[in-house]
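There are 2 protein chains.
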Amino acid sequence: MPRVVVDVMPKPEILDPQGKAVLGALPRLGFQGVTDVRQGKRFELEIAGEITEAVLAEVEQMAETLLSNPVIENFTVRVEQPVAGADR
Amino acid sequence: MPRVVVDVMPKPEILDPQGKAVLGALPRLGFQGVTDVRQGKRFELEIAGEITEAVLAEVEQMAETLLSNPVIENFTVRVEQPVAGADR
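Order-wise, the sequence lines are chains A and B.
Everything in the first sequence is counted per the numbering used here, starting at 22 for the first residue and increasing by one.
Everything in the second sequence is counted per the numbering used here, starting at 22 for the first residue and increasing by one.
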């Protein structure tokens with residue numbers, strides 16, 4: 022079944038306390054070499070039927086209204102497993 | 022700067038209440054055609070220096086010990102912006 026992935030990340034200028042907490046924990050666990058961590062959300066949507074441009078436009082709408090807060094977050098929409106015969 | 026992305030998703034057999042809440046909200050917002058939603062986490066790690074096999078192995082360790090709960094979650098590690106000259 023075709024799957025659309027929506028990644029939602031805090032905008033670069035927005036403080037990301039979850040990411041900072043991870044970044045602070047890494048050295049205490051013995052991990053070096055990571056200079057920054059940002060934490061966001063990943064949504065996997067199973068779509069009934071073929072993934073068309075219209076479906077992707079609708080997913081963009083979902084991402085903007087429900088899955089993300091456009092004031093503080095950016096999102097990307099992409100098809101993860103293109104179906105044979107589909108455009109993308 | 023090279024970036025490693027860690028995606029953490031609930032295992033298929035684990036109930037995902039956040040995803041179910043999104044799935045339930047979509048029809049109320051007028052969106053049709055989505056049959057399932059899973060919600061997980063996305064981490065973007067900025068790495069100092071080149072991304073080698075050793076660095077990726079260390080990120081796998083981080084993902085297993087800090088970023089995910091291996092009992093209920095699966096994770097994937099990948100390099101998002103391969104550096105020129107790097108293996109991957």
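In case anyone wonders, no lab produced these hints; they're calculated from the structure.
Incorrect hints may appear among the rest.
To be verified - Taking lysine to aspartate or glutamate and the EDC-like style, the derived pairs with C-alpha atoms no more than 16 Å apart in a straight line are:
(1) A:Lys32 to B:Glu65
(2) B:Lys41 to A:Glu81
(3) A:Lys62 to B:Glu65
(4) B:Lys62 to A:Glu34
(5) A:Lys62 to B:Glu71
Results for each hint:
no.: 1; hint: A:Lys32 to B:Glu65; result: holds, 12 Å
no.: 2; hint: B:Lys41 to A:Glu81; result: violated, 19 Å
no.: 3; hint: A:Lys62 to B:Glu65; result: holds, 11 Å
no.: 4; hint: B:Lys62 to A:Glu34; result: violated, 20 Å
no.: 5; hint: A:Lys62 to B:Glu71; result: violated, 26 Å
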